[in-house]
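Visitor: Heads up: the protein sequence lines correspond to chains A and B, in order.
Residues 2 to 299 in my numbering are what the first sequence spells out, letter by letter.
Residues 80 to 218 in my numbering are what the second sequence spells out, letter by letter.
These are computed hints drawn from the structure, not numbers from a lab.
Since the structure is predicted, the reported quantities are computational estimates derived from the model, not experimental observations.
Ideal placement from N, C-alpha and C gives every residue a C-beta, glycine not left out.
A hint or two may mislead.
Some chain B residues judged to face chain A by a derived CB distance under 8 Å, without partners named [claimed, not checked]:
no. : residue
1   : Cys96
2   : Ser109
3   : Gly129
4   : Ser169
5   : Glu172
6   : Asn175
7   : Val180
8   : Pro181
9   : Val184
10  : Ile187
11  : Tyr196
12  : His208
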Amino acid sequence: MKKSIVILSLFFYSFVTAQGCSDAGICTIGTAFQSNEKEHKNSIELATVYGVGEADVTYISPYISYTRKFNEKIALSAKVTFSSANGSFGTRASFGDAYLIGNYTFKEKKNTQWSVITGWKFPFTASNLKINDFSLPLDYQASLGTFDLFLGANLKYKKWDFNSALQIPVFNNNKNSYFVEYSATTDFPSTNLFERKSDALFRTTYTFKTSKEKLTFKPNILFIYHLGEDSYENIFGQRQTIENSDGLTINGNLVTNYQIDKQSSLELSLATPFVVREIRPDGLTRGFVASIHYRIAF
Amino acid sequence: MKTTFLILSLLIVLTSCEIEGDLTKDELRSTTIPNSSELKFQGVFSPTSGITVAGGPKIYQSGNQYQLKLDGFSISDGPDLKVYLSKSDSPTEFVNLGNLVPTAVYTIPQQVDLNEYKYVLIHCQQYNHLFAIALLNEI
């Protein structure tokens, strides 16, 4: 009974305060490898993410991912994202990024298990999608246009998971051309030829299951530190640093997983940030994110 | 049949990828120069290698405000073309006036001294390729 109250309280809290993740990809890195599925080597995940951003922008971002376990230690995951942003600028939709992530899991010792991940994000666009020849802010772009390297480690201790990761933009192909000077709104900052800095992530997750293990709850708290100030090229062709675009974002996230049968599961995730950076020119401004995921193993 | 319908629906959703909104309507773009404006500068575009261009820029003054309009203008297709006011015939020191829309009127920022910015360039920003150059002559 006590546990049920805790679960309901957490769920209600998450729903009321809304949640979300300023996700350039780092928030969901590694989740494909956290399945307890032992019998099957392959799995496919279909998901749709609904997000509410700054000004009046809303997002629907479906993705598909495929994960292959080669053995007890090594697994690979590939993911393709699509995003449709809707707001006062209109609707702009496109494929976003492709991810290829590898995972190595070490042998479990005394309830403790380490794993490491590494991978790449490849953008499908140069972050310069337009409507009617009007340039759009990054909030409307399906990708940030950067080729990013991911490096991460996960420590599993009993029911706790501790993740840390770095997302490093190695090659910048952002060709965005949005200027606030030439826009009919001041809601979004200029991001012409935007250059983005790296992110560092730390997440703590506690997992608990109902007695028949049909339902799993994973409340987690996610710290993302943006490791520098981003920059853009102004109308005079000079690079400008965007002050206070660095700093900390803290997100709360509740994941509820329902095991349909041995092979498939359904998952609901709700997230919202509690602390955000002063300026988020990269458009990663979700104030609330709700996503639904279907996984099947074979 | 059901599967085909679902696949078709999905394709329609995926390809409906650009719908204009309140901030991206054509009407928001100024296309006329006020009658009271005075023509101050004009030029004729020359193409760079492999490009076809016609027409030229005209700069009008209305009070303290300068505006640029392209006259009789057409150019080869190119991605992400911009209109630059430039101090030279290459895009090194310039003012980016925004996306190339042949019918648009471009308002020149107040701090720009047109005695220094003598050229109008058509430049592809995404691939850093210069398309056309016009030297401005004072009227």
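Visitor: All the hints need checking, so say for each whether the structure fits it.
Guide: Verification of the supplied hints:
1. Cys96: The hint holds - Cys96 of chain B has a Cβ within 8 Å of chain A, the shortest such distance being about 4 Å.
2. Ser109: violated (11 Å)
3. Gly129: violated (21 Å)
4. Ser169: violated (12 Å)
5. Glu172: holds (7 Å)
6. Asn175: Status holds, d = 5 Å.
7. Val180: Hint on Val180 of chain B: holds, closest Cβ of chain A at ~5 Å, below 8 Å.
8. Pro181: Violated: closest Cβ of chain A sits about 10 Å from Pro181 of chain B, beyond 8 Å.
9. Val184: violated (12 Å)
10. Ile187: This interface hint is violated because 11 Å lies over the 8 Å limit.
11. Tyr196: violated (10 Å)
12. His208: For His208 of chain B, the interface hint is violated, since the closest Cβ of chain A sits about 12 Å away, which is over 8 Å.
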